[in-house]
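Protein chains: 2
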Amino acid sequence: MISSAMSFTRITLAVLALHLLAATGLQAADPLPSWNDTAPKQAIISFVEKVTSDGAPDFVPAAERIAVFDNDGTLWSERPMYFQAYFIFDRIRALAPQHPAWKEKQPFAAVLNDDLKSALAGGEHALLEMAMATHAGMTTEAFHDIVTAWITTAKHPKTGRHYTQMVYQPMLELLDYLRANGFKTYIVSGGGIEFMRPWTARVYGIPPEQVVGSSIKTKYEVRHGRPALVRLPELNFVDDKAGKPVGINQHIGRRPIMAFGNSDGDFEMLEWTTSGPGARFGMIVHHTDAEREWAYDRDSSVGKLARGLDEGPRRGWTIVSMKNDWKTIYPPAK
Amino acid sequence: MISSAMSFTRITLAVLALHLLAATGLQAADPLPSWNDTAPKQAIISFVEKVTSDGAPDFVPAAERIAVFDNDGTLWSERPMYFQAYFIFDRIRALAPQHPAWKEKQPFAAVLNDDLKSALAGGEHALLEMAMATHAGMTTEAFHDIVTAWITTAKHPKTGRHYTQMVYQPMLELLDYLRANGFKTYIVSGGGIEFMRPWTARVYGIPPEQVVGSSIKTKYEVRHGRPALVRLPELNFVDDKAGKPVGINQHIGRRPIMAFGNSDGDFEMLEWTTSGPGARFGMIVHHTDAEREWAYDRDSSVGKLARGLDEGPRRGWTIVSMKNDWKTIYPPAK
Chain A
0 MISSAMSFTR ITLAVLALHL LAATGLQAAD PLPSWNDTAP KQAIISFVEK VTSDGAPDFV
60 PAAERIAVFD NDGTLWSERP MYFQAYFIFD RIRALAPQHP AWKEKQPFAA VLNDDLKSAL
120 AGGEHALLEM AMATHAGMTT EAFHDIVTAW ITTAKHPKTG RHYTQMVYQP MLELLDYLRA
180 NGFKTYIVSG GGIEFMRPWT ARVYGIPPEQ VVGSSIKTKY EVRHGRPALV RLPELNFVDD
240 KAGKPVGINQ HIGRRPIMAF GNSDGDFEML EWTTSGPGAR FGMIVHHTDA EREWAYDRDS
300 SVGKLARGLD EGPRRGWTIV SMKNDWKTIY PPAK
Chain B
0 MISSAMSFTR ITLAVLALHL LAATGLQAAD PLPSWNDTAP KQAIISFVEK VTSDGAPDFV
60 PAAERIAVFD NDGTLWSERP MYFQAYFIFD RIRALAPQHP AWKEKQPFAA VLNDDLKSAL
120 AGGEHALLEM AMATHAGMTT EAFHDIVTAW ITTAKHPKTG RHYTQMVYQP MLELLDYLRA
180 NGFKTYIVSG GGIEFMRPWT ARVYGIPPEQ VVGSSIKTKY EVRHGRPALV RLPELNFVDD
240 KAGKPVGINQ HIGRRPIMAF GNSDGDFEML EWTTSGPGAR FGMIVHHTDA EREWAYDRDS
300 SVGKLARGLD EGPRRGWTIV SMKNDWKTIY PPAK
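Line by line, the protein sequences give chains A and B. As numbered in numbering that gives the first Met the number 0, residues 0 to 333 make up the first sequence, in order. As numbered in numbering that gives the first Met the number 0, residues 0 to 333 make up the second sequence, in order.
If we strip away everything but chain A, and leave its shape as in the complex, we get (with noise of 0.2 Å):
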């Protein structure tokens, strides 16, 4: 009798505890303090509430509420190239005493000589090639470690900020405001998984297993009794374009409920994210601002956007003019 009746008073305080707690929420504040009040802001707090609405038509159970962004020109910017080719110069720099045979040998060499417009000429196959020579033949530990040492100390060339700080603080918001409401956010990104992982924690609050991206492949191998697992210079899966749906399906295994994009390799993640049943969200990046950020679409070689802007808003996906619908762009230097 004494315990039940202990129990009883446990169960009566537990409950006034959980009333009192309701009773201490105070009104909500602005949870995107960096967007301006229009259409995008609207469209995405509108989705939020009536996904997350219990009995709601368009209700989703917390499992589902999957959000997927893309990183470069959607997270942190992306211009003049892919923050991660200058972290592959930085490599071939470090690693040239080496490599002595790289001084007579393109792309390299013009890397080695700071001609960087020669040492992108060759497009995707040289990045690659360069990509893969710096990338690999060390253990997966080792990687981390060289990606932790070069984003913690190298600094963009223009804005003179660490790579990290040149993050979108609207999308940082976003991704808080997503969280809050029980979503999972997801990085999928044509980047190195490899060379975004040891970070974004940190900087998006997404942890390495919420990390899609393109791979090279891995060997597990026993050095003297030691495990380890070996980075080998073969491609193992590009997550761009067509291939990010292909990597959503491998890591997640269920269709994300919102997808967030600035560039046409984006566009089929898009397509599939919103082709779901039920209530689906698009978004578009679009680089406006010249003043604060960069403005490209059509034309850029970095970051290419025309599909997504000639399709987009008519399959119902919204269209982010940074210059128009961002109070802030990044994060207060520090």
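Honestly, the hints are just simulated from the structure, not real lab data. Beta carbons are placed, not taken as given, at the ideal position from N, Cα and C, and that holds for glycine. Among the hints, a few may not be true.
Claimed, not checked - Beta-carbon label-pair distances, calculated as ranges:
1. A:Glu123 / B:Leu234: 25 to 35 Å
2. A:Glu310 / B:Ile44: 36 to 46 Å
3. A:Ala332 / B:Leu308: 56 to 66 Å
Position chain B against the provided structure of chain A, taking the given hints into account.
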């Protein structure tokens, strides 16, 4: 002033509420009631307590509490053959009318003649051929529906149970116990990733995005304006043996701190997990119970376990005897 005083009151109430909630915590019940009070249960609890005690030398932050589980023979039975093989054979029977040539073609003809021994005589190669012929050629969503229909109706020839009722009750309790202590639980199986995902959330509480397995390639296509991922008869990844650490790195991006397996196909996963720095836990489920389940190890064609028995103990891995350490094997029949 009023607003500030109100906030203060609210915060005070919130703190009070949290204290009350803590005070209502009843004495914890045994989290592993289907485990005998033998060494393996004690090892699990002792490990979980030391990595979750804030401030203790072996404390591991929640984000890094990753536990990986093999599926066949570790979470559910695998005798007399892998359950996915029953699925493959049932698919061959269902698809036979569309493939008249199978009547004359091995190993398909053997399956259609209910001669499963001959069908399996070709080993892994024959099984893979049958898997490709039955698992490819449809969209990922159609395959999801096929698996769901099969898993909810098919029954094991010996026990008469649904396959999902041949999961191990002690392991279900272990999964719950780890999650209650902040662990993220993953399946890392040689079985097909899309064969498991449709039912692992319901059966194990493990969502699709936390399932790692073998896979075939998929291709993104837009058919009549509707996008789909089409399954191709081409191997993508074999998540077995040295492939398991590779699959873990690809999907999770960090090294687990606990690993659970039952065969030498799990050896590298246990080795990779337990050789990291800090507190580590490896466990092998040894099938020793011919009466309640099956007894097999060194000489078995399915779930062969030899190296794990020889080297596991001196590597600090815990060996579970199903006969001695588990009170029950399967959940109560429904």
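Hints, one by one, checked against the model:
Look at glutamate 123 of chain A against leucine 234 of chain B: about 26 Å separates their beta carbons, and that is inside 25 to 35 Å. The given range of 36 to 46 Å is broken by glutamate 310 of chain A and isoleucine 44 of chain B, whose C-beta atoms sit roughly 57 Å from each other. In this structure the hint that alanine 332 of chain A and leucine 308 of chain B lie 56 to 66 Å apart at CB holds, the actual value being about 59 Å.
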